[in-house]
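**Q** Residue numbers (our numbering), protein chains in the order written: chain S, 22 to 1036; chain X, 675 to 1110.
Derived from the structure by calculation, the hints contain no laboratory data. We put the CB at the ideal spot given by N, CA and C, even for glycine. Some clues are possibly wrong.
Unchecked claim - A short list of chain S residues far from chain X (calculated; beta carbon distances all over 10 angstroms):
{"#": "1", "residue": "Thr57"}
{"#": "2", "residue": "Leu100"}
{"#": "3", "residue": "Leu666"}
{"#": "4", "residue": "Trp679"}
{"#": "5", "residue": "Ala727"}
{"#": "6", "residue": "Ala772"}
{"#": "7", "residue": "Gly787"}
{"#": "8", "residue": "Thr814"}
{"#": "9", "residue": "Ile824"}
{"#": "10", "residue": "Ile832"}
{"#": "11", "residue": "Asp899"}
{"#": "12", "residue": "Val933"}
{"#": "13", "residue": "Lys935"}
What the hints assert, rightly or not - In silico DSS-like cross-links for lysine-lysine, where the CA-CA straight-line distance does not exceed 27 angstroms:
{"#": "14", "chain 1": "S", "residue 1": "Lys935", "chain 2": "S", "residue 2": "Lys917"}
{"#": "15", "chain 1": "X", "residue 1": "Lys833", "chain 2": "S", "residue 2": "Lys917"}
{"#": "16", "chain 1": "S", "residue 1": "Lys887", "chain 2": "S", "residue 2": "Lys977"}
{"#": "17", "chain 1": "S", "residue 1": "Lys840", "chain 2": "S", "residue 2": "Lys935"}
{"#": "18", "chain 1": "X", "residue 1": "Lys757", "chain 2": "X", "residue 2": "Lys804"}
{"#": "19", "chain 1": "X", "residue 1": "Lys833", "chain 2": "S", "residue 2": "Lys891"}
Stated by the list, open to error - Some, not all, of what chain X presents toward chain S, calculated at C-beta under 7 angstroms:
{"#": "20", "residue": "Ile693"}
{"#": "21", "residue": "Ser865"}
{"#": "22", "residue": "Gly866"}
{"#": "23", "residue": "Gly879"}
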Amino acid sequence: MASQAAVDKHRVTAVLVSHNGAVWLPEVVAALTSQTRPIDFITAVDTGSQDSSTKLLKSARIPFINVDVETGFGQAVSLAVEKLPSPIDHEWIWLIHDDCAPAPSALAELLDAIDDRPQVVMVGPKLLGWHDRTHLLEAGVSIAGNGARWTGLEPLEYDQGQHDGNHDVLAVSTAGALIRRDVFEELGGLDPNLTLFRDDVDFGWRARAAGHSVMVATGAVAFHAQAAANERRSVEVAGAFLHRPLLLDRRNAAYVLLANSSWWILPWLVIQILGSAIARAIGYLIAKLPGYAADEILAVGVLITRPGSIIAARKVRRKQRFVSARVIASYIPPRWSQLRLASEGAIDAIRGKLFAGDSQNSSPSILDSDEDEDLLTPANTSQWLGVFKRPEVIGFTLIALISILNSRNRFGALVGGALPISPSGATDLWRTYFESWHQVGMGSTSATPTWVAITATASLFFLGKVQLLITTFFLVAPILMMYTSSKLLKHLTGNSWISIPAAFLYALSPVAIAAISTGHIATVLFMILAPYAALLLRDIEEIELYSWRKIAGISLLLALLYGFSLMIFVIALVAALISTLSDYEKHAIDANSGHYSLRLQKKAALVFLPFLMNVPYSLEAIVNPSRLLVEPGLLISGGGPFMALLGNPGGANALPVWLISPILLVLIISLFSTTHARRIAEYGVGALVLAVILAALSISTHGNEASSKVWPGPVLVLVTLASVASGTVLLDRLRETLVLSHVHYRHILSALLLFATFTYSVLAIGWTATKGADSLVQANRETVMPAFLSVETNTKILVLREIGSKDDKKIQYYLSRGKDISLGEPDVAPAQTPAIAEAARGLIDGSGVSSSATLSNFGVKYLFVKAPFKREIIRSIDGLGGFSRTSATSLGVVWKVTTSASRLMFVGADGVRKELQAGEVGARTYVPSAGTLILTETYNRSWQILENGYRLDRSKNEQGLPTFTVTEPGEISLIHDGTIRRGWLSLQLILFVVVLVMALPAGRRKSDISEKELA
Amino acid sequence: MSLSRPLRFIAFIGVAITIASALNVAITKKSYSENYPAVVCPPTLPGLSSQISLSSRQTQFQRLQNRSTTTDMVKVLRLPVAKDSLLFDTQGSTPVAWQSRSGSWAGGVLCTGPVSSQWFVGASADITTKGRLIIVNSGLSEAIVDVQVFTENGKQPAKSLTVASKTYLVVPVDSLAPGDQRLTVNVVPRSGRINSFMIDEQGKGLRALGGDLINPINTPSRSLVIPAIPNQGKATDSAAATRHVLRVLTPGDVDASVTVELVSADGIFVPVGLNSRSIAAGVVTEFTFSPKISSAAFGLKLSSTEPIVAAVESSVATGGKRDFAWSTPAPELSEFTLALTGLSPLIAFVGAEINVALDLTLVNGKVIRKAIQGRDIVTWKVPDAARSIKITKVGAQTYAGALVSSVNGYGYFPIASGSVLTRVEIPDSNIRILNP
């Protein structure tokens, strides 16, 4: 060793700190002893190792000190340095961790780097992984504004020498760091408050602030296991609360930032540290690592509750600081580089998920190419034309053209059919979703279905413009249907000439055409997502093998679909019941009850978890079962069971009955197949049976008193999908069989099937592109309610209108609040009050002498007969009395109810009725004397009126309206208490978050990650 | 391959269809409320007397003199009316109002339910007229009525009149188109429950020239049948032949070509000068004819290239006094009940093949079945003790009108239902109506 001093001017003392490092220590000791530039002196400190570390040190003949187990790394180093002889010039301390093995030339390279740089007081090697020695761990280190350890490297970055060279850095890791002894002692060594982690950054920062330089010399290499950070051993140092490394790391990170940063930046830093701690905690919670999440919060908490240590540390640093903070700032990573790295990481992760399979089909390596051959091969410039011969290009172009032709009357704000007019902004939808009281008809407390919130969220992608979202959705829906079904069908056949036409037929099926033209959003959405659901559930028969994470993921998809139509819940429930019965026969009887129970649990979770995620709407549907069979919007009648049998939902705007699709034919033929098509067809037939039965039922809901046939769209989606899928499998296999066999009945049947399919396709395209454009759903239609009736906000108007087809018109009525209904309102619309129904009937048949009084009692101010209407009705109303005509225009005739009517009526002690202003749900107004307040809204216990801080007594009058007794004059506040609604929404949100977290990929504790992966 | 499994699935479809068929009960899409609207009879203007023939003593009625909605039972079969217009709930039976001015004229009119348009072909606005247009609002709300007058000088500016609820308005006919001689008035209610009546009364100085109640026509038509026109002349005495004036109006914008065919027991022919006559649009045109026929009543069939309204004014003499009667087109005869107590009219049936079965109810309640058969035209004199006739069966394209002669004068009214069974659909509550 002495001889080496003659080679260079430096004296190097290696300080090895060990703590339960027996795993790595032999290699570390070997690395130290095999340095090309021998170490002048080696000393070691053992911090209460319980393993064979001390034995190993003894056997290596390294002198060591035994210290307490709670001794921190810096403290241990300081103890070792104290034991050294007096310092001399050019004396260096080489800090060695027991899990860090320097390469043989490491010390020589480090000394070489500092040889002509006297200002450098701390120099470190390039750190590589212990196991994967090409994995670049660090080449200098800094700290981000949020406390993150900043290496500037990508995760698992491969070392190709891309960061090589000697660079000035803020700090280097203490693993393998060479520190000038005099400066080490001058700065007081490593901060004793940082018992482990971040002591290196802190020291580097302090050294820099004292006017010294810190550099990394990548010529020197060390291999580091990062045992403490990776939880390969427990952290037992003092101050390591709960012995949790992450907690200690985060606490120390915050300490370093707060102790070293300029005072004026501290408030911003505190916010940043707190914010990032919360954000990371949420992230860890989502990754199902609550311990790490707690570490994040506790770390900040521990520091905030003990500010004394930071104040003391800042005092020390103020004395040592010699240069401006700006010098340090250049070594702190800028925010944009943090964001760039984070976003690149996120994009890579998403790309990895989305194109996981692409790596297998990636272009061949350039190394595999034969350059000579390339030179000899003539360039084929006309190859791009082949793109247009691909079935995908032909199919998607055709469906896009058909969709545009079919949508030619649907460019604009869509309305008609089942679809009410969309509000201009998402805010209105959110309000509809959150409010506890809906101003529809006589008012309603029905829960708004989840699809309203989903639509409002989706509209964010269209800058909150709901109308644009709906228009775009209906325009691109056929293309999306074809895309998703092609994804499914590609799993069934490798032949694109079969899968793409089949997907095309799916997008052009009767149910798809009818759903789009009648505005059935749920069916359209289900048509798009059903192929994905089928892909996810393709191995449903082995549901016991599904992970709970997968169950949660599928539940999210089903919750989305349930949110639009609970008919999908009915389908799932029926399927689960049948499957459970079948399971019972197979498993329970075999005494394999555990297996049966597991399958049952998972099926129940799949069916009921999404149901619960749609509370309270889904629970209300149990009380009102007709809601289980409806779609969003207005109730549109289906065509009945016989139309359903043909795969056509029927009703207004559906494909005509003569345009028979081959759906049923394909299913029946597939039943006799010997291939997988048979199994698919069996599912399809099961769905068809359900569709036929449901289509025979009649319901009345969503503000429609008359019975309407159930629209079996969602069930027919499954029938169609099964038919298309089984047909694909059938043709795929059949083609091979037919090619190899002589002509027989299969050839004839195939020809028949293809002919029927072709005929349907041609006719359906023709119908869709021509008559189909005159759909119920149209753009930019005139409103029903005249603008002048909307001037008074929330005025109740009884509207009479004759609607229906030319030969089948029917007089109907409803209470309007001065405007047309909008999206979400039909779903919460109440049934009509019997008294109002009687009054409306009296208006029509001329017997309603008391209709005016009845309407007045219910706060109805106007009567509007929408044109065109029979003149007899007008005369009948004119003859009844109690109404005075206010206008008769081309839009219709309006009468004013002659007796006073308003939303909030005050009846004084003298019995005189007075109208009070109360336009919105809640209102503040003045009551002139004692008396009775009548709120002309449906009675509900959440209605409250407060006067002078007290609730007025509430009762129900003979009309069933809420009345309140006023004892003195004064200002009153009318409110509808939405606590219950808010409670339900909170529960829904909690359930959603829980299932979402369950569905997301779980993070792993570092201790659970294998060495190989960490390396 | 076992076929049992696929066949089982096909059987499932069959079972589903069976269940669905059982569930698929027809939905009653519409429910109706049926009733006969109450009919309105004209008020009795000063100097006139009025009786209303009813088919039942239990008939409920309401007066328009106050806004009360209370109803009373008539208790009689012929109700004299002192002043007010009355509203009857006759439940399908059509009452007839008979009005007269003592020693001057008499006329009859059907009491009807509210109608959307009424055409009165008759009266004049010259110096001799004392006619009145009566507009009755039987509803509880104020009514607005448009009155459009056509004369020999064409279409006159329309007038809008407001009629208070439960009251009537009397408009002197001469104020509608002062000085014009040939009037045709169209009354169109814009709002309200409106019935109109028109009295055509002529006089020169103190000398009464007769009068009549003009029965309204609801809709202009290309084919009209006036089934009963009184004819008091002798076929052999051309000088004594009754003078008839046919008044025609084409309310549209296109001129019409009208052919008139006279149907009588003496034969069917086109009167001289009434073949393919051009009628200028919007101009009230008159044709005078004096057919030499012996029948006491005859009918006219008018066919036109454009919708028209028409009526015939016939000069008559009763008890030595001069009178006139306006015969108006009748709608095709249908099954209904007409109250005729105290009228005993002569009913003329016109049709290619007349085959009418009716029940004649006498004042004492006795019902006599009567079958009226014939070709072209058949007349039947209703017995004096008749209370009502109920048409129980009628052939196609048959029309009928009644001629009544009384001590005060001569009158005509068409045999038609004044209150048609109204089938009103009971409305459903449906929020869909608030969607475009």
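**Q** Next step is simple, just say for each hint if it's right about the structure.
**A** Cross-check of the supplied hints:
no. : hint                 : verdict
1   : Thr57                : holds, 79 angstroms
2   : Leu100               : holds, 83 angstroms
3   : Leu666               : violated, 7 angstroms
4   : Trp679               : holds, 20 angstroms
5   : Ala727               : violated, 4 angstroms
6   : Ala772               : holds, 21 angstroms
7   : Gly787               : holds, 28 angstroms
8   : Thr814               : holds, 16 angstroms
9   : Ile824               : violated, 6 angstroms
10  : Ile832               : violated, 4 angstroms
11  : Asp899               : violated, 4 angstroms
12  : Val933               : holds, 22 angstroms
13  : Lys935               : holds, 25 angstroms
14  : S:Lys935 to S:Lys917 : holds, 17 angstroms
15  : X:Lys833 to S:Lys917 : holds, 25 angstroms
16  : S:Lys887 to S:Lys977 : violated, 33 angstroms
17  : S:Lys840 to S:Lys935 : holds, 25 angstroms
18  : X:Lys757 to X:Lys804 : holds, 18 angstroms
19  : X:Lys833 to S:Lys891 : holds, 24 angstroms
20  : Ile693               : holds, 6 angstroms
21  : Ser865               : holds, 5 angstroms
22  : Gly866               : holds, 4 angstroms
23  : Gly879               : violated, 42 angstroms
Consistency note: the structure conflicts with the earlier hints numbered 3, 5, 9, 10, 11, 16 and 23.
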